[in-house]
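**Student:** Can you build the whole structure from these sequences, using the hints too?
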Amino acid sequence: MSEAVPAVQAARDPLASRIPITVITGFLGSGKTTLLGKLLRHPGMDRAAVVINEFGDVPLDHELVASSTERTALLASGCLCCTLRTDLQETLRDLYARRRAGEVIDFDRIFVETTGLADPVPVLHSLQTDGFLAAHFRLNGVVTLVDAVNGSGQLDREPEAVKQAAVADRLVVTKTDIAGADDVAALRERLARLNPYARIATAVAGELDPRFLADIAPASAAAGDDELDRWLPRAAAALAQSGGPRLFERPISAGGPHDARVRSFCLRFDEPFTWDALHTVLETLAALRGPDLLRMKGIVRVVGEPGPVVVQGAQHVFHEPVRLAATGTSEPGSRIVFIVRGIAPDAVRALFAAVAGLAS
Amino acid sequence: MATPPAAARPDRALSLNMRLLAHHPLDGFGGIGEGMAMQQARDGRRILWLAHESAPKNFTAVDVSDPRAPRVIAQTDLPHAKVRSNSLDVVGDLMVVAYQAQARGLTPAGFDVFDVADPESPRRVGHFDASGPWSRGVHALWFVDGEYVHLAGGAADFQPRNPKDDQFYRIVDLRDPSRPVEAGRWWLPGTREGDTEDPPPRLPAKHDAGFRAHNTNVFPERPDRAYVGYIDGGAVVLDIADKAHPRLVANWRYSPPFNGFTHTVLPLFERELLVVSDECIQDAGGDWPKLVWVLDNRLETNPVPIATLPAPPREAFVRRGGRFGAHNLHENLPVPTSWRSESIVVGTFFNAGVRAYDLANPYQPQEIAYYVPSAPPLAPTGAVQLNDVYVDDRRIVYTVDRHVGGLYVLEMTI
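As you go down the protein sequences, you meet chains Y and G in turn. Per the working numbering, the first sequence runs over residues 9 to 368. Per the working numbering, the second sequence runs over residues 391 to 804.
Treat the hints as calculated values from the structure; they're not laboratory data. Treat the numbers as computed from the prediction; the structure is a model and nothing was measured. Among these hints, one or two may not hold up.
Claimed, not checked - If you want the ones that stay clear, here's a sample from chain G, every Cβ over 10 Å from chain Y, calculated:
| hint | residue |
| --- | --- |
| 1 | ARG399 |
| 2 | ARG402 |
| 3 | ALA431 |
| 4 | ARG435 |
| 5 | LEU468 |
| 6 | ALA471 |
| 7 | PRO589 |
| 8 | LYS633 |
| 9 | ASP686 |
| 10 | ASN692 |
| 11 | ALA706 |
| 12 | ILE734 |
| 13 | GLN754 |
| 14 | GLN756 |
| 15 | GLU757 |
Said to hold, decoys possible - With the C-beta cut set under 8 Å, the calculated list includes, among others, these residues of chain Y facing chain G:
| hint | residue |
| --- | --- |
| 16 | ALA19 |
| 17 | ARG20 |
| 18 | ASP21 |
| 19 | ALA24 |
| 20 | SER25 |
| 21 | PRO28 |
| 22 | ARG108 |
| 23 | GLY110 |
| 24 | ASP114 |
Claimed, not checked - Away from chain G, derived, C-beta distances all over 10 Å, residues of chain Y:
| hint | residue |
| --- | --- |
| 25 | ALA105 |
| 26 | GLU111 |
| 27 | PRO241 |
| 28 | THR282 |
| 29 | VAL310 |
| 30 | ALA358 |
Positions of the beta carbon are idealized from the N, C-alpha and C atoms, including for glycine.
**Tutor:** Take a look at the structure:
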């Protein structure tokens with residue numbers, strides 16, 4: 009008897025099999041605590057875990073349903089609240105181990121609050137370079153809160169505030185109820201110039217639809233156009249002209265001295281890369297200008313790969329490229345977004361062209 | 391921690407990347423052994439055939455065409471209470487069902503052959519008799535090519551030196567389903583009365599389960615190899631190019647110091663790996679650790695262990711009730727209804743549920759999914775005891791409880 013035996017099938021879905029982590033950052037007073045306090049109580053958060061800096065930050069007194077330990081508390085919403093241990097890596101490892109042992113809920117996502125002054129990039133690096141974390145978690149995205157009252161001044165004075173906004177996948181403007189309408193509009197415009205590829209929302213008193221934060225990055229290798237657009241909006245890069253690699257640059261910000269050096273641009277390519285060429289370009293960029301490569305996100309076509317490939321990095325660390333299924337998306341070309349500090353877009357474009365010329 | 395871990399609380403279900411689609415207690419007969427096979431019926435329905443762990447039921451057929459709404463369409467009885475079926479396989483419309491008796495000399499002891507073209511009415515078309523004065527019959531069998539049954543069983547002419555060593559590897563020609571005939575056999579030298587070799591040294595009494603075959607797997611990628619779990623004799627690979635005269639290729643022995651009971655030897659051919667599972671047979675961690683091993687098989691005469699699948703936390707599960715440790719793996723059956731993966735291994739771990747591991751890096755396997763049902767009502771050990779698992783070509787996971795819980799249907803989101 010010879011029935012058709014199915015071929016040995018491919019491996020694990022590199023996205024769906026990992027627990028998504030959303031990093032929530034923002035300057036002191038930007039409203040992270042208020043936002044998290046609301047988020048924790050949302051019915052849609054019943055299987056979320058939230059890592060915060062201090063229990064005292066978020067008033068939990070009436071929310072406890074089980075006896076809390078020194079580090080974790082289970083809230084009435086079902087949400088698990090956990091304080092940061094000595095470092096985030098250790099905290100995430102511990103949370104995962106305790107999930108397996110059934111000591112905490114079967115959480116299906118994690119929100120991590122960074123300290124106000126923190127640079128979020130090291131958190132992104134941990135998720136890639138720590139083998140255990142990389143095996144079990146994936147980055148959903150970076151959400152940066154900007155206070156409508158003080159945000160502009162912070163962007164003027166503090167390079168870290170600019171960096172937080174530049175690396176974001178989602179920007180949330182807070183305290184819009186106590187700021188002038190013109191100030192809010194100006195801040196939104198400034199943020200859109202600084203990081204045109206992030207979606208922007210406003211939140212008053214922490215009220216925000218959790219979905220705005222929940223589904224940022226594609227959640228499975230079968231992701232389609234909609235999911236990819238949510239992560240890397242095609243519209244922002246859709247001013248395409250035909251022929252060759254195409255460059256779109258947002259005008260250099262007219263903001264303060266720090267964001268003046270930050271620029272963002274999108275490169276589009278009709279021809280697929282070879283793996284060698286893509287690696288060479290990214291390694292060269294990281295080696296020569298790592299500190300200034302604030303964030304890079306791309307959906308690229310690679311020779312020999314049936315579907316698109318998701319690439320992303322921050323500064324000198326790139327995440328493992330993720331191969332998507334061939335069936336999900338319709339766009340034949342590649343698009344890569346860069347948010348950089350003091351790097352001329354032409355130089356990046358020329359690097360791509362030179363490597364492509366040598367690799368072909 | 392003031393409170394014990396929830397994993398120690400059998401009333402709690404635990405999950406990661408697996409979602410329960412349906413649970414079916416199989417009409418009150420929810421104790422299932424280690425025989426699970428899926429038939430694609432002629433009318434397109436998917437029928438999951440399940441061998442019961444013990445009497446009174448023989449096997450149950452469940453229509454799982456809609457995995458969210460499984461329906462029992464047939465359930466049969468054994469001829470008496472001192473026999474169990476435990477194992478079955480299906481190719482096309484032909485099903486083979488093992489019979490193992492509680493005592494030597496009893497019948498039926500062997501396997502039956504059924505025509506299941508009409509799944510509601512299985513029709514017996516053949517029988518292979520493996521009964522005998524020293525035989526309990528057949529414990530486990532493997533039938534995937536429509537021609538040969540590979541099994542662990544006794545025989546009328548086989549007198550073991552130690553009664554625990556009664557079941558060895560047998561190949562049965564089923565090309566005429568009404569007249570199965572033996573095509574070959576192999577046993578561990580020294581275990582049969584009359585062997586010139588010395589008998590193998592026994593494991594310590596607490597762990598002496600016997601030197602006998604358990605799972606006997608043969609794949610189309612290597613039709614000349616049999617991969618055999620040989621219980622206390624470790625993992626055995628045989629050259630069966632000449633079925634009448636199987637020859638030993640490799641025997642990986644690791645007990646003692648471990649506690650025996652090698653159950654399954656699963657080759658990942660493209661990866662040149664072997665995945666070897668133990669079976670836990672004692673409650674409350676009595677034989678811990680029972681593991682799943684990853685072996686480098688580049689040189690097939692010298693398989694080398696390189697990793698174990700990260701075991702669920704002992705402290706959490708050992709108090710949950712019943713057995714805790716490895717057992718069956720999804721065996722990449724070479725049939726159209728089976729999921730086949732060279733990088734993901736799915737296994738059952740009794741009270742620690744069903745678990746999936748990613749072997750992309752074989753030196754550092756990662757656990758990527760699990761589901762631990764809450765204790766089914768009237769569970770004799772107080773906890774679920776997931777016994778076997780089958781993953782179909784839709785990536786739907788079917789897993790069964792050894793005692794009362796019946797069938798759990800899960801969606802894997804990996």
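**Student:** Next, verify each hint and record whether it holds.
**Tutor:** Hints, verified against the model:
1. ARG399: Since the minimum Cβ distance to chain Y is about 7 Å, G/ARG399 lies within 10 Å and the statement is violated.
2. ARG402: violated (6 Å)
3. ALA431: holds (13 Å)
4. ARG435: holds (16 Å)
5. LEU468: The claim holds: G/LEU468 sits with its nearest Cβ about 28 Å from chain Y, beyond 10 Å.
6. ALA471: Check passes; 35 Å lies beyond 10 Å.
7. PRO589: holds (40 Å)
8. LYS633: holds (17 Å)
9. ASP686: holds (19 Å)
10. ASN692: holds (25 Å)
11. ALA706: G/ALA706 not clear of chain Y: closest Cβ-Cβ about 4 Å, inside 10 Å.
12. ILE734: violated (6 Å)
13. GLN754: violated (7 Å)
14. GLN756: Check fails; 4 Å does not lie beyond 10 Å.
15. GLU757: Answer for G/GLU757: violated, closest chain Y Cβ roughly 8 Å.
16. ALA19: With a closest approach of 4 Å, the Y/ALA19 hint holds.
17. ARG20: This hint holds: Y/ARG20 lies near chain G, its Cβ roughly 5 Å from the closest one there, short of 8 Å.
18. ASP21: Because about 5 Å separates Y/ASP21 from the closest Cβ in chain G, which is inside the 8 Å limit, the hint holds.
19. ALA24: holds (5 Å)
20. SER25: holds (4 Å)
21. PRO28: violated (12 Å)
22. ARG108: This interface hint holds because 6 Å falls under the 8 Å limit.
23. GLY110: With a closest approach of 3 Å, the Y/GLY110 hint holds.
24. ASP114: With a closest approach of 5 Å, the Y/ASP114 hint holds.
25. ALA105: Nearest chain G Cβ is 7 Å from Y/ALA105, so the label is violated.
26. GLU111: Given that some Cβ of chain G is not farther than 10 Å from that of Y/GLU111, nearest at about 5 Å, it is violated.
27. PRO241: Fine: 26 Å to the nearest Cβ keeps Y/PRO241 off the interface.
28. THR282: Label holds. Min Cβ-Cβ 23 Å, cutoff 10 Å.
29. VAL310: At roughly 19 Å from the nearest Cβ of chain G, Y/VAL310 sits farther out than 10 Å, so the non-interface label holds.
30. ALA358: Check passes; 36 Å lies beyond 10 Å.
The structure is inconsistent with the numbered hints 1, 2, 11, 12, 13, 14, 15, 21, 25, 26, although it conforms to all the rest.
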